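Listed here are the chains, written in short residue letters.
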Amino acid sequence: MTKPLLLKGIDEPGLDTLEVYQRRGGYDALRKALSMTREEVLHELEVSGIRGRGGAGFAMGKKISFLPKGAIDKYLVCNADESEPGTFKDRELMQKNPHMLIEGMIIAAYAGGINRAFIYIRGEYELQAQKLEQAVEEAKRAAYLGEGILGSDHSLTLWVHRGAGAYICGEETALLDSLEGKRGNPRLKPPFPANQGLYQGPTLINNVETLATAPVIIRMGGEEYAKLGTAGSTGTKVVSVSGHVQRPGNYEVELGIPSREIIYGLAGGPPEGREVKLWFPGGSSAPVLTADDLDVPYDFDSLAKAGSMLGSGAIIVIDDSTPVVDVAMKTAKFYRHESCGKCTPCREGTNWTVKMLERIDSGEATPMDLDIMAAVQENIIGNCLCVLGDAMAMPIGSMILKFREEFEAHIEAARARNELATTDEAPPEALIQGAVA
Amino acid sequence: MAIDPQRVPRFGHGSRVPGWDEAADLSKDPAEVPDPATTPVPEDLRARIEEYMRRYPDPRSAVIPALHTVQDRYGWCSPEGIEQAACVMRLTPAYLLSVATFYDMLFTTPVGRNDVFVCTNISCSLCGADELFAAFHEHAGEDPEFNLRAFECLGACDIAPMASINGQYVGPIRPDEVPAVLDAVRRGEEPLPDRQLKYRKSTDPNAA
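Which chain is which? The protein sequence lines are A and B, in order. Counting with the working numbering, you get residues 1 to 437 for the letters of the first sequence. Counting with the working numbering, you get residues 1 to 208 for the letters of the second sequence.
Simulated from the structure, these hints should not be mistaken for laboratory data. A few of these clues could be false.
[Said to hold, decoys possible] Not the full set, but computed from the structure, chain B residues with beta-carbon under 8 angstroms of chain A: (1) Arg-60; (2) His-68; (3) Pro-110; (4) Val-111; (5) Asn-114; (6) Asp-194; (7) Lys-198.
[Unchecked claim] Straight-line alpha carbon distances no greater than 25 angstroms define the calculated DMTMM-like cross-link-like pairs of lysine to aspartate or glutamate that follow: (8) A:Lys-342 - B:Asp-21; (9) A:Lys-189 - B:Asp-58; (10) A:Lys-355 - B:Asp-104; (11) A:Lys-342 - B:Glu-131; (12) A:Lys-333 - B:Asp-4; (13) B:Lys-198 - A:Glu-19; (14) A:Lys-182 - B:Asp-4; (15) A:Lys-182 - B:Glu-50; (16) A:Lys-342 - B:Asp-104; (17) B:Lys-198 - A:Glu-261; (18) B:Lys-201 - A:Asp-371; (19) B:Lys-201 - A:Glu-261; (20) B:Lys-201 - A:Asp-16; (21) A:Lys-69 - B:Asp-58; (22) A:Lys-140 - B:Glu-83; (23) B:Lys-198 - A:Glu-133; (24) A:Lys-305 - A:Asp-319; (25) B:Lys-201 - A:Glu-40; (26) A:Lys-182 - B:Glu-83; (27) A:Lys-333 - B:Glu-50.
Because the structure is a prediction, the values reported are computed rather than measured. Even for Gly, the Cβ is constructed at its ideal location relative to N, Cα and C.
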């Protein structure tokens, strides 16, 4: 069953206004945080054990503690460039409850001693950016933002910055370059953003959901929050379920519940008469799992043990009506389009993977091509500045590993069709579709 | 400017005709920051860009907001608009163009007035987005009124297959509804009001 903390009452009319948000106890957590010292707030976030909800799953408290202390210009950047295929949790949170994110950002900035904050929201989210801008204006007028917040010595300026459509800008260092007004190319790490980030200053970057959870943690106490979920993955997670399910949408669950309960119990499973064939547990960058893995507990560590990752918490379900080659093709084409082109293994690897998949689909491939394709994936992983290339290599590699027979059958079927067809008649694509479906 | 493969002259066997990539005219002056005295900038455009520049410790951060502003005013990142933004920001037009070509939502060629971005990424495509895009393409592909594009994941897989129409998310859309959707957009109305994302309730059973 679900356990909404962030989604609780999210459909209440007017929740996006300050008035209703305050009536529901909004900004009380901020008052509580400001009555504590920065160290106490940081301690609460650390004992809560909350791990980043954007993909990497790094402990939020630890991230803040990496920031250097003292009076230097430090920055907080909220990563709202939610572009991971299958993910739409931040969209709902920002659109319906923007003040919760703002409150969380003020708390995180207080804990880190930060005075300047930005929300980098993807350009496509026009409605959500408007809602956030309105909410920021309201918060400024109510003195939650600005100089000396609520009579404390904490000051914070906050601006909403709209991106312009680039998946790579969800990668933290590319996001910083984009925010500095450049093309969104990732940077070499280290130095990590906590030391040298935005404008070369120490920078804390967190996902929307992570920051929006901060008020919840302060309200209920870090220890109490840590009791939710499992030991290594505390708390709740908004999971976006999509693809071949009957009730796609966002569900907030305690981490550690069986994946089957999310896919079948909450989202209704695949349409009548069809079976789950494969599923991405954490956005299209995660290695795929099969129907055998449906009982894996949905948390960071169990999914890692199963050979995949929780990622952004986006489950994409694919049933047995879809050929795995189609899924691989869609995935690879996406990463080919979004590769920024800075590192060779990613730029060339994504391109060649698409070309090899096209050969498989048109019947020009041999089973040896599968080995070459698998080797290409291995040569991408770990050899680039950022993980965009890896994000294609991991799912494609896992698909070849787990569905090799189907790939081989696809190659054979396409070849047989080609031999039947006279050379200059009907295009092979039309025939292959019939062969596989 | 990105090289348009359609306009590169080719021989019958596919090779490019020599000279297709001739470098810029070296006898010309290198690109410079436009001179304010000879570059008229509309007052409201200047005011908005300068307002953005004040928000950031480094004014260069305002490049993307400035390009959005130019695009809002001229419909696309026109050379004239880029020149004006460059003049206000004290950057070269080439720099702004280099940024504009990186991003999918900034257009460096003229586009139709109405944006129709159809998501064709994996979740939407599992639910029939490729057929939906084909339907849009059939009915609006040639229409200069529309800026029709197949887009990567727009972050609305719960309403798949969907489209972002002038910035508003709508879905799920059936291919046979496309003509009606386009007619509504032509009339300036909200297409399929019952399926606009902004009215959609949460699916979590305990959210209420």
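- Task: For the pair supplied as a hint, Lys-355 (chain A) and Asp-104 (chain B), confirm whether the alpha-carbon distance does not exceed 25 angstroms.
- Result: Satisfied, since the Cα-Cα distance of roughly 23 angstroms is no more than 25 angstroms.
- For the pair we were handed, Lys-182 (chain A) and Glu-83 (chain B), check the Cα-Cα distance against 25 angstroms. holds, 17 angstroms
- Query: Taking 8 angstroms as the limit, does the beta-carbon of Pro-110 (chain B) come near enough to a beta-carbon in chain A?
  - Reply: Where the cut-off is 8 angstroms and the nearest Cβ of chain A is about 18 angstroms from Pro-110 (chain B), the hint is violated.
- Query: Hey, Lys-140 (chain A) versus Glu-83 (chain B), does the alpha-carbon distance stay inside 25 angstroms?
  - Reply: violated, 34 angstroms
- Task: Could you grab the alpha-carbon distance between Lys-342 (chain A) and Asp-104 (chain B) and see if it respects the 25 angstroms cut-off?
- Result: Judged against 25 angstroms, a Cα distance of about 17 angstroms means the pair holds.
- Item | Pair hint Lys-333 (chain A) and Asp-4 (chain B), alpha-carbon separation not exceeding 25 angstroms | Distance ~20 angstroms between Lys-333 (chain A) and Asp-4 (chain B) Cα, so the pair holds.
- Holds or violated: is the Cβ of His-68 (chain B) closer than 8 angstroms to a Cβ in chain A? holds, 6 angstroms
- Lys-182 (chain A) paired with Glu-50 (chain B) [C-alpha distance capped at 25 angstroms]: Since the Cα atoms of Lys-182 (chain A) and Glu-50 (chain B) sit roughly 18 angstroms apart, the hinted pair holds (cutoff 25 angstroms).
- Does Glu-19 (chain A) lie within 25 angstroms of Lys-198 (chain B) when you go C-alpha to C-alpha? Within the cut-off at roughly 20 angstroms; holds.
- Are Lys-201 (chain B) and Asp-16 (chain A) close enough, with their CA atoms no more than 25 angstroms apart? holds, 14 angstroms
- Message: Is the interface hint satisfied for Asn-114 (chain B)? The criterion is a beta-carbon contact with chain A at less than 8 angstroms.
- Response: Result: violated, 14 angstroms to nearest chain A Cβ.
- With a cut-off of 8 angstroms on the beta carbons, see whether Arg-60 (chain B) makes it to chain A. Interface hint status for Arg-60 (chain B): holds (4 angstroms vs cutoff 8 angstroms).
Of the numbered hints listed earlier, those contradicted by the structure are 3, 4, 5, 6, 11, 17, 18, 22, 25 and 27.
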